[in-house]
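For reference, each letter of the sequence shown is one residue, going 1 to 355 in our numbering.
Possibly wrong hints are sitting among the right ones.
Claimed, not checked - Pair ranges (Cβ atoms, derived):
(1) Asp128 with Pro234: 26 to 32 angstroms
(2) Ala144 with Arg168: 33 to 39 angstroms
(3) Gln331 with Val44: 21 to 27 angstroms
(4) Arg91 with Arg294: 36 to 42 angstroms
(5) Asp175 with Gln331: 50 to 56 angstroms
(6) His31 with Ala124: 44 to 50 angstroms
(7) Arg190 with Thr317: 56 to 62 angstroms
(8) Gly217 with Val44: 22 to 28 angstroms
(9) Ala130 with Phe65: 49 to 55 angstroms
(10) Gln182 with His318: 41 to 47 angstroms
(11) Pro234 with Gln38: 27 to 33 angstroms
Simulated from the structure, these hints should not be mistaken for laboratory data. We put the beta carbon where it would ideally sit given N, CA and C, even for glycine.
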Amino acid sequence: MDTGTEFGMDDYDDDEDCKLAGLHVDLKERHRQEQDDQMFPDEVDTPEGIPARQRFDKYRGLKSFRTSPWDPRESLPQDYAHVFAFENFRRAHKRATEASLKAGAAGDAHGVPVGSYVQLRVAAVPADAAARVLQRVTASRQQAVAPLVVFGLLHHECKLSVQHYGVRKAAGYEDPLPSKEQLLLVNGLRSFFARPVFSTDEHGADKHKMERFLHEGRPSVATVYAPIAYTPLPLLAFKVANDGAAQLVATGSLRSCDPDRIVLKKIVLSGYPVKVHKTKAVVRFMFHNPDDVRWFRPVELWTKAGRRGRIREPVGTHGAMKCIFDGPLRQQDAVLMSLYKRVYPKWPENLDFAA
Numbered sequence: 001m002d003t004g005t006e007f008g009m010d011d012y013d014d015d016e017d018c019k020l021a022g023l024h025v026d027l028k029e030r031h032r033q034e035q036d037d038q039m040f041p042d043e044v045d046t047p048e049g050i051p052a053r054q055r056f057d058k059y060r061g062l063k064s065f066r067t068s069p070w071d072p073r074e075s076l077p078q079d080y081a082h083v084f085a086f087e088n089f090r091r092a093h094k095r096a097t098e099a100s101l102k103a104g105a106a107g108d109a110h111g112v113p114v115g116s117y118v119q120l121r122v123a124a125v126p127a128d129a130a131a132r133v134l135q136r137v138t139a140s141r142q143q144a145v146a147p148l149v150v151f152g153l154l155h156h157e158c159k160l161s162v163q164h165y166g167v168r169k170a171a172g173y174e175d176p177l178p179s180k181e182q183l184l185l186v187n188g189l190r191s192f193f194a195r196p197v198f199s200t201d202e203h204g205a206d207k208h209k210m211e212r213f214l215h216e217g218r219p220s221v222a223t224v225y226a227p228i229a230y231t232p233l234p235l236l237a238f239k240v241a242n243d244g245a246a247q248l249v250a251t252g253s254l255r256s257c258d259p260d261r262i263v264l265k266k267i268v269l270s271g272y273p274v275k276v277h278k279t280k281a282v283v284r285f286m287f288h289n290p291d292d293v294r295w296f297r298p299v300e301l302w303t304k305a306g307r308r309g310r311i312r313e314p315v316g317t318h319g320a321m322k323c324i325f326d327g328p329l330r331q332q333d334a335v336l337m338s339l340y341k342r343v344y345p346k347w348p349e350n351l352d353f354a355a
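Modelling step: build the complete structure from the supplied sequences, incorporating the hints.
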C-alpha cells in the first residue's frame with residue numbers, strides 16, 4: 001500500500017474533542033492537557049479494553065503528510081449537503097462586488113440611489129426586538145449612541161458555507177483555548193456562536209494538521225460553518241462566561257469560504273523496543289493483541305532518531321511485534337506510528353446568524 005490504509009468509521013474521537021472543549025472541564029486539567037500537547041504532540045495511549053482496530057477505525061496511515069493524496073470529496077458528512085461551494089471564490093467575489101457597484105445606477109430596478117429617502121418594513125418582528133430597535137433609534141437621534149446602520153448583502157452572502165479565518169490568540173488571554181470550544185464570533189457582517197476547529201496555517205499545502213489548542217504567538221486557521229462573506233473581513237472571537245460577560249480570546253480575518261480545505265487530526269501511537277539486533281527489533285506496548293498488529297501492518301513506522309521501518313509479524317499473544325528499520329536501532333529509542341483522520345467543525349446549534 002503506497003499512500004495509505006483506511007480503517008472505517010467511528011465517533012469515539014469526537015467525544016474526546018468535546019471533552020477538551022467542555023464547559024465544566026477543570027481549568028488546571030486544561031492547562032495540563034495544553035502542556036502535554038506541547039511536550040508530546042499528538043501522542044495517545046492505545047486502550048487495553050477495546051481493540052485498536054476499532055478504537056482507531058476512522059484513521060488511516062499516510063506515507064507522506066505533504067505528498068500523499070487525500071480526496072476532498074471522500075466520505076463527507078451529511079452536513080455538507082447543506083453548504084455552498086464556489087468553483088472560484090475570488091471570481092465570485094469580483095462579480096458580487098461589481099454587481100453591488102452597479103446598484104442604484106440609472107436603469108437598476110432593484111438598487112437604491114445614494115441620497116434617497118427609504119422606508120423599511122420588516123414583517124414578523126417580535127415585540128421586544130422592535131422595542132429595542134426603537135430605543136436604539138431614539139438614542140441615536142439624541143447622539144447618545146452610534147446610529148443604527150442597515151446594509152444589504154452581496155450575492156451569495158445569505159448562503160451557508162465553510163469559512164476559514166486566520167487567527168491569533170489574544171495577548172491578554174492566558175487560559176487554554178481548545179478546538180471546538182464555543183465562542184462568540186463577531187465579524188463585519190454578523191455575530192454568532194460557533195465551535196471552530198483550529199489547524200495549521202500553511203500556505204500552498206493541500207492538507208492541514210488540526211491543532212488541539214490555539215497556542216499563543218502561533219498563527220492558526222479557525223474553521224466554522226457560517227454564512228458566506230467576502231474578504232477583507234475582520235474577526236473578533238469572545239468567550240462568554242455564565243454571567244454573560246464576554247472576554248476577547250482571539251483576533252483575525254477571513255481567508256476564504258472553501259468546503260474542500262482538508263483538516264486532518266493526527267495521532268501518534270508509541271511502542272518501545274525490548275530486543276534489538278542491528279536493524280531488527282521486537283517492539284511492545286504499541287498494541288495489545290496480534291490481530292491489531294496484523295491490521296496496522298501496512299502503516300509505516302518511524303522513530304524519534306529519524307529511522308523508518310515496517311511491521312513484519314506479531315510475536316506471541318500480547319501485542320509484541322517484529323519490526324525492521326532502514327538503519328541500526330538504539331535500545332532507548334521510541335517506535336512511533338502516525339495515523340490521520342479528517343475532521344470537520346461542529347454544526348451550529350441554531351442557524352440564527354443575525355447580529
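Results for each hint:
1. Asp128 with Pro234: 26 to 32 angstroms: Holds, at about 30 angstroms.
2. Ala144 with Arg168: 33 to 39 angstroms: holds, 34 angstroms
3. Gln331 with Val44: 21 to 27 angstroms: holds, 24 angstroms
4. Arg91 with Arg294: 36 to 42 angstroms: violated, 50 angstroms
5. Asp175 with Gln331: 50 to 56 angstroms: violated, 41 angstroms
6. His31 with Ala124: 44 to 50 angstroms: Holds, since His31 and Ala124 (Cβ atoms, about 47 angstroms apart) stay within the stated range.
7. Arg190 with Thr317: 56 to 62 angstroms: holds, 58 angstroms
8. Gly217 with Val44: 22 to 28 angstroms: Given range 22 to 28 angstroms: holds, Cβ gap about 25 angstroms.
9. Ala130 with Phe65: 49 to 55 angstroms: Check passed, 54 angstroms falls within 49 to 55 angstroms.
10. Gln182 with His318: 41 to 47 angstroms: Cβ of Gln182 to Cβ of His318: about 42 angstroms, so the range 41 to 47 angstroms holds.
11. Pro234 with Gln38: 27 to 33 angstroms: holds, 29 angstroms
Violated hints for the displayed structure, listed by number in ascending order: 4, 5.
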